[in-house]
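Got chain A; can you put chain B on it based on the hints?
The lines below spell out each chain.
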Amino acid sequence: MPNLEHPAYPADALLHLESLVPCRESQVSMLLSIFGERQQFSFPSVFIYGHTSSGKTYVMQTLLNTLQLPHVFVNCVEYFTSRLLLEEILIQLQSSSSETEQTSHVPCDTVNDFVRLFKQAVVSRGLQDQTLYIVLDRAEQLREMEANILPAFLRLQELTDSNVTVVLLSEIVWELFRPNVGCFDPLTLYFPDYSIGHLQKILSRNHPPEYTADFYAAYINILLGVFYMVCRDLKELRHLAALNFSKYCEPVVRGEANERDTRKLWKNIEPHLKKAMQTVYLREISSSQWERLQHDDGEPGQLKGLSAHTHMELPYYSKFLLIAAYLASYNPVRTDKRFFLKHHGKIRKTNFMKKHEKTSNHLLGPKPFPLDRLLAILYSIVDNRVAPTANIFSQITSLVTLQLLSMIGQNDQLEGPRYKCTVSLDFIRAIAR
Amino acid sequence: GCFVFKPSAKKRRLSHGTAHDFRNRNDKSEDAELRFFTCQSLWNQIKSETEKVQEDLNKQLLDNLVSFLSRSHLKFQEKATEWTCQMKFREIPTAALVLGVNVTDHDLTFRSLSDLLQNNITPYVALLEAKDCPGIKNLMQKLMGQLMNCSIDADSLEDEDYVQVSQSRIRCSMSSLIKWYKSVTEKTDSETPSQKRTSSTYWQPPPVVVIFKDMESFTTKVLQDFIVISSQHIHELPLVLIFGIATSPMIIHRLLPHSVSSLLCIELFQSLSCKEHLSTVIDKLLLSDQFPFKLGEKVLQVLINLFLYHDFSVQNFIKGFQLCILEHFFSQPLSVLCCQLVDLKKRINSLSHDQCENIRRLPSFRRYVEKQESGKQIALLTTDNFLKEETERLLEDLHVYHYNYISVLRCLHVFTSSLPKYPLGKQIRDLHCACLENQVWETEEYESSLQLARMLNKSDLVTMLQQCVEILLSSSGKEFDKTVEKLKEFLTQFQNLEEAFQERDGSISSQKELQKKTDLYHLQKTLLELKESRRSKKLTKFEMLRFEVVDYIDCLVRKYLVPADHRTLHEILYFNTATVLRGHLNAAPRTALHTALNNPHWYLKNQVLKCDGGSISNKAPDICIVYKLHLECGRLINLVDWLEAFTTVVMAAEAPDADTASSDQVDDIIHARFIRAVSELELLGFIKPSKQKTDHVARLTWGGC
Numbered sequence: 001m002p003n004l005e006h007p008a009y010p011a012d013a014l015l016h017l018e019s020l021v022p023c024r025e026s027q028v029s030m031l032l033s034i035f036g037e038r039q040q041f042s043f044p045s046v047f048i049y050g051h052t053s054s055g056k057t058y059v060m061q062t063l064l065n066t067l068q069l070p071h072v073f074v075n076c077v078e079y080f081t082s083r084l085l086l087e088e089i090l091i092q093l094q095s096s097s098s099e100t101e102q103t104s105h106v107p108c109d110t111v112n113d114f115v116r117l118f119k120q121a122v123v124s125r126g127l128q129d130q131t132l133y134i135v136l137d138r139a140e141q142l143r144e145m146e147a148n149i150l151p152a153f154l155r156l157q158e159l160t161d162s163n164v165t166v167v168l169l170s171e172i173v174w175e176l177f178r179p180n181v182g183c184f185d186p187l188t189l190y191f192p193d194y195s196i197g198h199l200q201k202i203l204s205r206n207h208p209p210e211y212t213a214d215f216y217a218a219y220i221n222i223l224l225g226v227f228y229m230v231c232r233d234l235k236e237l238r239h240l241a242a243l244n245f246s247k248y249c250e251p252v253v254r255g256e257a258n259e260r261d262t263r264k265l266w267k268n269i270e271p272h273l274k275k276a277m278q279t280v281y282l283r284e285i286s287s288s289q290w291e292r293l294q295h296d297d298g299e300p301g302q303l304k305g306l307s308a309h310t311h312m313e314l315p316y317y318s319k320f321l322l323i324a325a326y327l328a329s330y331n332p333v334r335t336d337k338r339f340f341l342k343h344h345g346k347i348r349k350t351n352f353m354k355k356h357e358k359t360s361n362h363l364l365g366p367k368p369f370p371l372d373r374l375l376a377i378l379y380s381i382v383d384n385r386v387a388p389t390a391n392i393f394s395q396i397t398s399l400v401t402l403q404l405l406s407m408i409g410q411n412d413q414l415e416g417p418r419y420k421c422t423v424s425l426d427f428i429r430a431i432a433r
Numbered sequence: 001g002c003f004v005f006k007p008s009a010k011k012r013r014l015s016h017g018t019a020h021d022f023r024n025r026n027d028k029s030e031d032a033e034l035r036f037f038t039c040q041s042l043w044n045q046i047k048s049e050t051e052k053v054q055e056d057l058n059k060q061l062l063d064n065l066v067s068f069l070s071r072s073h074l075k076f077q078e079k080a081t082e083w084t085c086q087m088k089f090r091e092i093p094t095a096a097l098v099l100g101v102n103v104t105d106h107d108l109t110f111r112s113l114s115d116l117l118q119n120n121i122t123p124y125v126a127l128l129e130a131k132d133c134p135g136i137k138n139l140m141q142k143l144m145g146q147l148m149n150c151s152i153d154a155d156s157l158e159d160e161d162y163v164q165v166s167q168s169r170i171r172c173s174m175s176s177l178i179k180w181y182k183s184v185t186e187k188t189d190s191e192t193p194s195q196k197r198t199s200s201t202y203w204q205p206p207p208v209v210v211i212f213k214d215m216e217s218f219t220t221k222v223l224q225d226f227i228v229i230s231s232q233h234i235h236e237l238p239l240v241l242i243f244g245i246a247t248s249p250m251i252i253h254r255l256l257p258h259s260v261s262s263l264l265c266i267e268l269f270q271s272l273s274c275k276e277h278l279s280t281v282i283d284k285l286l287l288s289d290q291f292p293f294k295l296g297e298k299v300l301q302v303l304i305n306l307f308l309y310h311d312f313s314v315q316n317f318i319k320g321f322q323l324c325i326l327e328h329f330f331s332q333p334l335s336v337l338c339c340q341l342v343d344l345k346k347r348i349n350s351l352s353h354d355q356c357e358n359i360r361r362l363p364s365f366r367r368y369v370e371k372q373e374s375g376k377q378i379a380l381l382t383t384d385n386f387l388k389e390e391t392e393r394l395l396e397d398l399h400v401y402h403y404n405y406i407s408v409l410r411c412l413h414v415f416t417s418s419l420p421k422y423p424l425g426k427q428i429r430d431l432h433c434a435c436l437e438n439q440v441w442e443t444e445e446y447e448s449s450l451q452l453a454r455m456l457n458k459s460d461l462v463t464m465l466q467q468c469v470e471i472l473l474s475s476s477g478k479e480f481d482k483t484v485e486k487l488k489e490f491l492t493q494f495q496n497l498e499e500a501f502q503e504r505d506g507s508i509s510s511q512k513e514l515q516k517k518t519d520l521y522h523l524q525k526t527l528l529e530l531k532e533s534r535r536s537k538k539l540t541k542f543e544m545l546r547f548e549v550v551d552y553i554d555c556l557v558r559k560y561l562v563p564a565d566h567r568t569l570h571e572i573l574y575f576n577t578a579t580v581l582r583g584h585l586n587a588a589p590r591t592a593l594h595t596a597l598n599n600p601h602w603y604l605k606n607q608v609l610k611c612d613g614g615s616i617s618n619k620a621p622d623i624c625i626v627y628k629l630h631l632e633c634g635r636l637i638n639l640v641d642w643l644e645a646f647t648t649v650v651m652a653a654e655a656p657d658a659d660t661a662s663s664d665q666v667d668d669i670i671h672a673r674f675i676r677a678v679s680e681l682e683l684l685g686f687i688k689p690s691k692q693k694t695d696h697v698a699r700l701t702w703g704g705c
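Those sequence lines, one after another, are chains A and B.
Residue 1 is where the first sequence starts when you use the UniProt record's numbering, and the numbers rise one by one after that.
Residue 1 is where the second sequence starts when you use the UniProt record's numbering, and the numbers rise one by one after that.
One chain only, chain A, in its complex shape (with noise of 0.2 Å):
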């Protein structure tokens, strides 16, 4: 690995920041050398995109805070709309230059007023002759605003005359980005994902302060073996990690083996991890209830999880119209007569019949069908009278709400409602017990 050089930077400055950032000195180097020397113009935009936990947000934070380049960091998740954005821009602006009280708040529509704002912004913080730094994380959100904000983005050193260069940083690929009319092509950049010695090296690093780093990579190495072929985001493995350490560390604690005996303690913790897989991992039950499960040396099993509450508690006819519902949603209509008539007559098997049978309807998902045709299977499902009670039809809106059916079309009031089942078999199995 080539150390970071650059000859703008104190070389202490670039050991220090090497160190911060494992395994991302290549890509670190890169960005160095396209943002030049600090008085110096660099490329307008820069967009970097990589998949989850890439390391891009923490990168660029830490690329910027220990060199003490000037920039501004926005989420776009955060500030949802274009003025939240555009203001927050400004408010770290003027915040981090003056000291005092929160700098009085000026309204900022528009790109336009933006501009203006953003080139006093500047000189007021004296930043004529460096590069400011605006960096966008999630910026795909930005898709979803005006059409103007992201072009208006791309060309911002055009437009303000001033020394800035955008950072877009995104989990998506340019082209998907990418505006109709002409823009201008950011430079793209991209983070590829850790390699799973990367991932061994990360993780090792910050080990407890009262167990060697020797100790501690080994367990990561078993953890990595477990969970990486599910899961490969840093954050979630080092959220893994912290929670499973102390089991790992239970033999040693007990005096039973010795921090060396690495074959008795990946006996230990390997069926433990396995399960954490099926339950922590998917959030069946919560990280503080693993912990407490661990504590109290529990069972998992006593602990249900999420998805073991399925079974749901329908009234009456609730449960029938759910079923008839869904009978409606994959019956095609031409076997009704068949079904739910009592004298249907002989069933006469058709080539056309056939060729359509043979695709599953389950694979073809749930059809939409006329509040009627519920209503008529309804009726001829329930063994005694059902009245077409006002009841009845609340509980059909009532399901509506439960997202257990869901209404297609209800532009025109006096063409009858149309729904679609939403509810699986297994579902409708469970009810119909």
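FYI, nobody ran anything at the bench for these hints, they're computed from the structure.
There may be inaccurate statements among the hints.
[Claimed, not checked] Simulated DEER-style distance windows between Cβ atoms: (1) A:52 - B:44: 53 to 61 Å; (2) B:270 - A:295: 38 to 46 Å; (3) B:437 - A:382: 18 to 26 Å; (4) A:277 - B:437: 55 to 63 Å; (5) B:437 - A:385: 15 to 23 Å; (6) B:236 - A:382: 50 to 58 Å; (7) B:593 - A:385: 16 to 24 Å; (8) B:590 - A:147: 20 to 28 Å; (9) A:261 - B:145: 54 to 62 Å; (10) B:698 - A:316: 30 to 38 Å; (11) B:272 - A:385: 29 to 37 Å.
These numbers come from a predicted model, not from an experiment.
Where is the CB? At the ideal position from N, CA and C, for every residue including glycine.
Frame of chain A, contents of chain B only:
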């Protein structure tokens, strides 16, 4: 209706005019006021009782939630420096609150929850509903509005104007929320040393609780965004989420992808199932001797069916109960006597002659009179004072009957609820209905349950008897002293049996020795003999005793569980007009519409409109004629034919011998009437214009003719 949100409680009974309503609509005005006040005080009693019951039921759930909240953020504060806590991803503590499908009842739970939280834990509670939050922006606005308002309540009112000014132009973003939170908590911190705070019960720092009332209805995007945003600020803002879930906790995984749900630390809380809730309410409200007012069998059945078949809503059940009370006091003039025993004498004495006549008209009273000897009959029918004395005695009897009825019902339930397959129903309410309906001992189910009871084993029987003794001892009726004694006697007999049994153990062991013989032939022989002897053997002592017990229970049932409508004067205390209730609570709009159009006499009460069978009267309103005609058509209706038919019907009476000349040209007025009627029908949703054929309309209903 099921999950239909009804407008807030009936204002009608609270208004001042109500007493007049009672009076004006009933010609017998004398007792109306008294009845109204009795009704009101009774309802107030019942209401406070139900509130108490529901509070008790929710207590466990709320306690669990509070302890969860206390765990959620304290841990991080205590050992924030520890390695695990630094390493661990900080999740948002989340409580998934599964409340069952009866959404209407949730409001009450959430209200008591937020009250509890605001009184004990944190002033910062926000209740969010899906309909207010179509987007993340609205959600943040709503959230901040609620949080900042409650801060005014907690603080003094002095800075109210400041808050109001800022609220109009506040930026609805998480950072301003955090700023607000910091300023608020700092303020209270600085206040602490100087003054005694009333809010000292709050935890420091108080968590911010956000309750999503109806998780299912929120859009995925809003929830996701909110969770992502707040998870980034969890260090500065101790947030706790509570999801109100009506269906099953699976919905969380359906709504949130793993990347979002991994930001949450979800714990599950389940409320009491609504069926159990109902059982408790019935147990405390209906099967108690606190209230003089009682429900008859049919009415109770209507209410229970409404609950089980349609809505699962305990609130609606109680509303229905309230309606029963109102209806009873409104429609039954004698309900003035439906009061506590202490007031009874005074009220009976002040009865007017008309009211006495009312009593004489009661069917149950007439049956009673017929059974009396002739001298007494005359006295009852002519002398008001004698009638009053007799009424008082009979009503007291009725009250006593009710006390006894409840106790014996509970005893019987102890037996029937442990039988296999529950021939008389598992819940006490089923048993109650069965007993009210008719003489329960004549039903087949009762026979079979007695049969089964005769096969109970001893330990079960003993525990049941003990339970019965407890029930009877705790009841207020005095008649049960002898019964309790008898039951205790049974118990001691069982005890003695046990001792005798142990003595006999020796003989059994000798039998066992016999069996030890390895010779197969001998063994078979002895076994056969044993079998023979068992078959022919006389009943053992235990079996005899068991029969005795069951017979005794049977005779208790026959004595005390007489259906209420066999008792004299039951009309005064029992409300039994189920049809009225059904009409009010289980409305059938389609049927009502059809009746109105098909048989206008039903609603208009105009003798002219009375018609028989399928014929169409020309006196009926135009829309009825058009409706009836359209019933005879197929899916597409030709407007011209329809108009012609309409004209024929309308003209039928006016000019029975109309010339053909006039039939060619339709009268303009008739034409206009027809068009108006058709457009009314379209408005009601029976037909709509069709594009398939010109001059045709499509029918939207099927059936008819």
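Okay, the hints, checked on the actual structure:
Checked against the hint of 53 to 61 Å, the pair residue 52 of chain A and residue 44 of chain B passes, with Cβ atoms roughly 60 Å apart. In this structure the supplied range 38 to 46 Å is violated for residue 270 of chain B paired with residue 295 of chain A, their Cβ-Cβ distance being about 23 Å. Distance hint check for residue 437 of chain B and residue 382 of chain A: the Cβ-Cβ separation is about 23 Å, which falls inside the suggested range of 18 to 26 Å. Remark: the range hint 55 to 63 Å for residue 277 of chain A to residue 437 of chain B is upheld by a beta-carbon distance near 57 Å.
Our hint of 15 to 23 Å for residue 437 of chain B and residue 385 of chain A holds, since their Cβ atoms are close to 21 Å apart. With their beta carbons about 56 Å apart, residue 236 of chain B and residue 382 of chain A fall inside the hinted range of 50 to 58 Å. In this structure the supplied range 16 to 24 Å holds for residue 593 of chain B paired with residue 385 of chain A, their Cβ-Cβ distance being about 18 Å. Against the hinted window of 20 to 28 Å, the Cβ-Cβ separation of residue 590 of chain B and residue 147 of chain A comes to about 49 Å, which falls outside the hint.
Distance hint check for residue 261 of chain A and residue 145 of chain B: the Cβ-Cβ separation is about 59 Å, which falls inside the suggested range of 54 to 62 Å. In this structure the hint that residue 698 of chain B and residue 316 of chain A lie 30 to 38 Å apart at CB holds, the actual value being about 34 Å. Taking 29 to 37 Å as the suggested C-beta distance range, the pair residue 272 of chain B and residue 385 of chain A conforms, at roughly 33 Å.
Checked against the numbered hints given earlier, the structure breaks hints 2 and 8 and satisfies all the rest.
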